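These protein sequences, in sequence, are chains L and W.
Sequential numbering of the first sequence, starting at 1, is according to this note's numbering.
Sequential numbering of the second sequence, starting at 1, is according to this note's numbering.
In case anyone wonders, no lab produced these hints; they're calculated from the structure.
Treat the hints loosely; a few may be bogus.
[Stated by the list, open to error] Across the chosen pairs, the derived CB separations fall in these ranges: (1) L/Arg142 to W/Arg280: 53 to 59 Å; (2) L/Lys16 to W/Arg13: 45 to 51 Å; (3) L/Leu77 to W/Ser50: 41 to 47 Å; (4) L/Pro37 to W/Met49: 58 to 64 Å; (5) L/Leu77 to W/Leu38: 35 to 41 Å; (6) L/Gln303 to W/Tyr40: 55 to 61 Å; (7) L/Thr25 to W/Gly221: 54 to 60 Å; (8) W/Leu208 to L/Arg222: 53 to 59 Å; (9) W/Val268 to L/Asp187: 51 to 57 Å.
[Unchecked claim] A partial selection of chain W residues facing chain L, derived with a Cβ cut-off under 10 Å: (10) Thr110; (11) Val116; (12) Arg124; (13) Glu253.
Since the structure is predicted, the reported quantities are computational estimates derived from the model, not experimental observations.
Yeah, the Cβ is synthetic: ideal placement off N, Cα and C, and Gly gets one too.
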Amino acid sequence: MDYALEVEGLSKTYRKRKGFKVRETPALENVSLRVRPGEFVGLLGPNGAGKTTLLKILCTLLLPDGGSARLNGFDVLKQSEEVRRSIGWLHGETGGRALYWRLTARDNLRFYAYLQDVPPRVARERIDTLLDFFGLRGDADRQVLKFSTGMKVKLMLARALLHNPPVLLMDEPTVGLDVRMARETRDLLRSLSAELQKTILFTSHNLTEVEKLCPRVAILHRGRLIADDTTPNLAARLKTREIVEVKAMDAWRPAEVHRLQRLPSVKSVEADGENTLALEVDEAPQAILELAQALGTMGVRVQHIAQREPRLEDVFLHLTGEPTTATKPPTPETAPRETPE
Amino acid sequence: MSAEAPVIALLRRPLPGGSRPTESKTLAVTLLRLKIFLSYRYFFVVELMSIVSLAAVYYFVGFQVRPEALEEAGYGRSYIGFALVGVAASHFLYTCISRIGHIMTHELMTGTFEAVMSTPVKHREYVVGQALVGFVMSGYLMAGVLLAGVLLLGAPLVATPGSIGTAIVFVLLLMASHLGIGIFAAGILMVHKKGDPITFILDTLTQLFAGVLFPLSLLKGYPLLEGFSRVLPFTYVLEGLRKSLLTGATLAEPGVARAAGVLVLATVILIPLGMLSFHRGFDKVRRLGLTGSY
Ligand SMILES: Nc1ncnc2c1ncn2[C@@H]1O[C@H](COP(=O)(O)OP(=O)(O)OP(=O)(O)O)[C@@H](O)[C@H]1O
Ligand SMILES: [Mg+2]
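Model the full assembly from the supplied sequences, consistent with the hints where possible.
Encoded structure:
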């Protein structure tokens with residue numbers, strides 16, 4: 001088996017009948033992706049890009065219209081039972097919907113261990129160790145309905161690992177986790193990939209996290225795979241462009257952003273954190289001069305202006321090319337900053 | 001660093017042995033559902049109250065059918081006994097045909113359906129597992145109704161080893177022959193989610209035409225209705241249960257044995273049909289992307 005994941009020309013359009021009309025929502029168009037055993041791939045894309053759709057097809061919960069997909073050597077359509085044995089799936093965004101809320105954490109894990117054919121003795125040991133790792137040992141015998149969102153996500157993570165599957169389909173696993181737990185989960189995923197050669201497909205809107213974690217990144221945009229490369233290669237794509245970061249004392253006004261956009265040396269403007277804009281420019285030194293002048297005439301009080309290395313986030317915004325979001329408050333794409341690891 | 005070392009070390013260890021036999025997965029589903037039931041603390045109180053009120057209602061409507069009509073049909077002379085068996089069994093019937101669908105719809109809404117279906121559980125394990133809980137709960141209710149009828153209302157039931165054994169056989173046949181219908185309804189319900197036409201229609205028809213509250217001999221003058229009652233499996237369940245519990249008949253009696261045979265036939269035909277409907281429903285929701293619809 002050369003590939004742990006082999007997706008070939010996959011397409012999916014959601015169809016919903018409304019009276020006599022059928023409403024169609026294209027979600028995936030001709031997506032192909034090959035992942036070797038042990039690879040750790042970040043799957044990125046704006047909201048509605050088709051990430052969850054792809055992962056659901058891979059875990060046999062959604063039937064595609066066209067194309068094929070093999071997981072761990074098994075066809076997702078014809079060998080769904082083998083595929084289900086091979087995957088650990090998690091949909092973090094649902095906030096614990098995979099769990100029976102009226103039951104305890106331990107009962108939930110025990111049940112899913114049964115369904116995954118884990119022998120009871122092994123299951124007991126794994127449940128204890130996983131509950132320990134996720135800091136849930138003390139809550140093991142409490143009903144899940146009394147858990148916080150993050151605790152439920154941790155429990156879903158434990159559920160995905162119980163049967164030690166070779167492929168992990170992690171749909172926003174860190175959503176809702178606090179900073180420490182998010183980091184520990186990342187460390188765990190990293191070791192699962194490095195030491196146990198698990199194949200991991202990982203989605204997140206936190207690009208800083210993806211950049212740190214995934215050696216390879218695939219970007220979906222409106223159902224198409226628009227990039228698939230190593231993370232350094234992707235960042236290098238922007239090497240012809242440079243990034244200048246401008247942080248103001250106050251919030252940016254639309255008119256100000258608009259004027260910056262029209263400067264000859266500025267290619268694009270994106271919001272990048274609190275009162276901060278990231279500008280794509282041809283040559284940073286010259287652009288900084290031009291900017292300083294323009295900002296002076298506009299009367300913007302600048303706190304900080306400097307060139308910085310292009311980040312995955314810049315590449316992402318460049319490739320998915322949405323109109324500027326500079327004047328909106330930070331969107332999920334502008335990931336919350338964390339201390340470096 | 002390595003706070004995760006224990007997890008990695010644990011998962012590095014190879015698994016002993018192979019796969020668990022499927023029956024225990026069915027049982028796992030049953031136990032899970034039972035635990036959820038019992039997590040509702042007032043469950044037993046509510047169920048007990050419904051037993052008593054059911055028995056009371058049928059005590060008061062118990063004087064509409066002439067004893068002669070019952071005797072002619074071969075069910076003894078006591079209407080309260082006749083109605084009691086009918087009502088107890090029809091509650092059980094309702095459970096058989098609605099249970100799987102209702103629990104499944106609930107699981108679709110809460111999201112656990114999707115999670116369960118992403119594991120290697122077979123459809124039959126899932127549906128039978130859910131149905132078994134219903135059988136256990138309704139069995140308890142049915143026994144309660146019969147007991148309350150005998151003790152409070154003085155319904156003259158025949159309790160010999162033969163009659164009770166035969167009655168138990170018919171309860172089992174009731175489950176088996178209606179399991180397929182329940183699975184079938186669940187397959188339809190999976191796609192449409194709201195409303196449950198199959199259960200509603202079947203339950204109503206059965207109440208009316210299978211003779212829950214009157215002997216079918218009263219339908220003599222209406223060949224269409226009588227014919228209709230003859231194709232409902234529940235008609236044969238009632239026949240077997242009443243003959244055994246009201247007159248002490250056993251499977252040795254030709255009429256009773258024939259009813260049992262019809263039910264075995266219904267079981268063999270309806271379960272595969274039900275599974276077909278369930279598989280198709282599952283594929284439909286998998287096409288629509290609605291396995292976890294909120
Ligand atoms: N069950 C469904 N029925 C109809 N349309 C759907 C369904 N599920 C998803 N879609 C649509 O398909 C497209 C892709 O959705 P998908 O959930 O795969 O996106 P995503 O990349 O996971 O987004 P997010 O980052 O918000 O999680 C969207 O346009 C969405 O509206
Ligand atoms: Mg998603």
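Hint check results:
1. Evaluation of the 53 to 59 Å hint for arginine 142 of chain L and arginine 280 of chain W yields a failure: the beta carbon distance comes to about 40 Å.
2. As the Cβ distance of lysine 16 of chain L to arginine 13 of chain W is approximately 47 Å, the hint placing it in 45 to 51 Å holds.
3. Checked against the given bound of 41 to 47 Å, the beta carbons of leucine 77 of chain L and serine 50 of chain W, roughly 46 Å apart, stay inside it.
4. In this structure, proline 37 of chain L and methionine 49 of chain W meet the distance hint of 58 to 64 Å, their C-beta atoms being roughly 59 Å apart.
5. Taken as a hint, the range 35 to 41 Å holds for the pair leucine 77 of chain L and leucine 38 of chain W, whose Cβ atoms sit roughly 39 Å apart.
6. Our hint of 55 to 61 Å for glutamine 303 of chain L and tyrosine 40 of chain W holds, since their Cβ atoms are close to 58 Å apart.
7. Checked against the hint of 54 to 60 Å, the C-beta distance between threonine 25 of chain L and glycine 221 of chain W comes to roughly 58 Å, which is consistent with it.
8. Under the hint 53 to 59 Å, the C-beta atoms of leucine 208 of chain W and arginine 222 of chain L, about 56 Å apart, fit the expected range.
9. For valine 268 of chain W and aspartate 187 of chain L, the hinted distance range of 51 to 57 Å is satisfied, since their beta carbons lie about 56 Å from each other.
10. Checking threonine 110 of chain W against chain L: minimum C-beta separation of about 6 Å stays under 10 Å; hint holds.
11. Residue-level restraint check for valine 116 of chain W holds (minimum Cβ-Cβ distance to chain L is 7 Å; threshold 10 Å).
12. Annotation: interface hint on arginine 124 of chain W violated; nearest CB of chain L at approximately 13 Å, more than 10 Å.
13. Taken as an interface hint, glutamate 253 of chain W does not check out: its beta carbon lies about 44 Å from the nearest beta carbon of chain L, beyond 10 Å.
The structure fails hints 1, 12, 13 (numbered hints given earlier, in ascending order).
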